[in-house]
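Construct the entire structure; sequences and hints are all you get.
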Amino acid sequence: MSENSSSRKMLSLVLLAAGVAGMVVSLVMDFSGGGSPVRGPLLIIGAIAFLIGLYLFPTVEHHRGIINFIFLFPLLFTFAVTVIIPLLLGIFYSFTDWNGIKFTGFIGLTNYTTMFKDPAFIWSVLLTFLFVVFNMVLVNLVGFSLALLCTSKLKGVNFFRAAYFLPNLIGGIVLGYIWQFAFNNVLVQITAAISGHQNSVLANTKTAFMAIIVVYIWQYAGYIMLIYVTGLTTVPKDVLEASQIDGANAWTTLMKIKVPMIASTITICTFLTLTSAFKQFDVNMALTNGTGSVTDFFGSYLTNGTQMLALNIYNTAISKNNYALGQAKAVLFFIILACVSIIQVRISNKKEVEM
Amino acid sequence: MKRKVIATLLAATMVMSLAACGSGGDNGSSGGDAGNSGSSSESDSGSSGGGSGDSIRLVNGKIEIDSQLKKLAEMYKEETGVTVEIESMGGGIDIQGTLKGYYQADNMPDIFVNGGSTDFGNWEGMLEDMSGEAWASDTDAAYVDEEYGTIGFPYTVEAVGLAYNADILEKAEIDPATLTSPDKIEEAFKTLDSKKADLGLDAVVGYCAEATNLYWSTGNHLFANYIDGGLDRDDTTYIDMLNDGGKVDKDRLTDFAEFVGLLNQYSDPALLVSGTYDQQILNFASGKYAFVTQGSWIGATITGDDAEAYEAAGNFKVGMVPYAFEDGMDTILTNSPSWWSVFSDGNAEAAKAFLQWCSEDKAQQVLVEEAGFISPYNSCKYVANDPFAQTIVDYQTAGKTSGWHWLGMKEGLAQNYTGQVFSDYAAGNLDTDKFVQTMEQVIQACYAN
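Protein sequences appear in the order of chains A and B. Note that our numbering has the first sequence beginning at 9, numbered continuously upward. Note that our numbering has the second sequence beginning at 276, numbered continuously upward.
Simulated from the structure, these hints should not be mistaken for lab results. Hints may be right or wrong, so weigh each one.
[As the list claims (entries may be wrong)] DSSO-like, lysine-lysine: derived pairs with alpha carbons at most 27 Å apart: (1) Lys245/A with Lys161/A; (2) Lys675/B with Lys328/A; (3) Lys125/A with Lys709/B.
Predicted model only: the values in this text are computed from it and were never measured.
Written as structure tokens, this is what we have:
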């Protein structure tokens, strides 16, 4: 180490300098609109040279820190570029009149006031909250019941565990189209034969809302079930035996022993269903594309009866070509989601039982 | 030692697969993912700079002719060595939305489809002016903008009207030429309705008002008759009213609403509220409906995908009558449905050369005879054997055509607003007056945003 320490230090400094120089040169070329094909590779080579130089830097007490930095760097960089920077840029754009390509000036809070005066948007927010409440309860109930079934002594439980999980693997858009076919063609035949109704479930806003919930439960219950299965199998057997000796029946065992013991699992599952129900987009778009009429909401006739918040934002930005307003709605979405998540985690943490 | 070798090999494989994704992904349609913001320096060298004239990309909005366009691309490649990649989008996909995504990801195609002034407005200043091309003087269906010149290449003429099964009307002894007023049409509907069993019909009209996937059929095409029905080609009264804050002419809209009510009444209930486009065309091709509320583009489907059913129904002749919601309406709406534009920052020269080739003999033969297009070029000598070609030519020679000013409606009007109202009306949730009221309300809401 000491013989090549000075040469190592030289090499490291040279690489560091070359790396930084390479990156700066390529960024300058890019920002000045050069178009030279060498920019991309130069940036990458510069970054790699910089990292190698950092690795070779001869220090003992900082070496550990440097290694940590180098290994975390790709992940943090990607996260910063794809999540943090767009978030900050988005908040910035929501105060301007950005049209997706360039912006010409600040308009302050106009986007936000427009947004709150739009009955269609208010409807989307309320609908999303309603959807989340329904789903959190129903998905967890269904998932928990399936988990109870799958941890019982029935034959073929392993097959059922896999089978219930399969719907989660189908992508949202495909799922939405398959169910649209099922509701519009298959279910209609059945209801037409029974009661003469020729209209599909998706034609009426209220029933379409139920339909989206059904599809969502079908997709997610398996995933939640697996988490509950894990939770249920960690309930210690001696407690269960003790309760059996004391004469507890199945229902009491379930409510007084199993449920409190898996409280942390319940936290996780409610957290998962809460955030994913809020963010629901692909099934919504593929199944109904937000259509559905609401005859009287604050005095206006709405045509977006089943349009939830994420789809509303997408529609505003892409279909109606109003990127700045869409961005403002997205900022509101972020704030709502962040608040809800923080509150939910705080409440759940207080209820967990330590064993 | 062995572990280190394996570890290095696996790491190298991972890096290689990342590199492979980066170069191959440019050409695919997955480039629309806007999450590429940080790596723009890499994708730059791949897409916009790489124009050596060897390949161009065309985004086409008519999925019905995808195979015919691919054949054109092969022919062009044999002749000139230039590869033309065809990307077709259809079936209610938001084409402009996808294109905007491509623009954000630096993945714009060289030629893409635009439907009307709102679509062209998205790309202001970014499209090539093709007034100097040879084909521009051979047609009057090109899209000409006052400021930017000839920015749209036409490839067909389509018609919007009430399509009918000529054999069935003949058997029921109804003369289509008399159907130019709402009373006559109502009479015809009643006659056909009473003879349904004899003629083998499921219903008189195949009208589908489903809001999610068929909003364009009602909100764009049917509503186009309110805007242009019975008027001269350059009469912009109603579209100007519409674009002026969403005003509508109540009387005309009420007449229109009564006519739509007629369609609701005589339509196939299984199709009306929750049907699909495929089912609508298939049933018409099978001879189960006397009328269908779709335009001349279904000719390609009837003779293509539904050819077996069409043959079983006797390859019946078809024609078109106007959606005559007021007395004396005797025109059908014809226009170029969309145009192909050339993106200035792409491979513009090669793209323009390809379009010029498309307007010439060999390509026009494929487009007219196989894709069922009706050529907008005066020098073209091929006549389409599309079932609707004859009726369109008849109306055109008689001078009885109106324009397609619905193309100038505000973006998203049908998809987000009026499509839903038509669907509610069809489901019976609104009566005629309420329909007119609600249409007015949603149109104003749309234009107020």
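Identify every previously stated hint that the structure contradicts and give their numbers, smallest first.
-> 2
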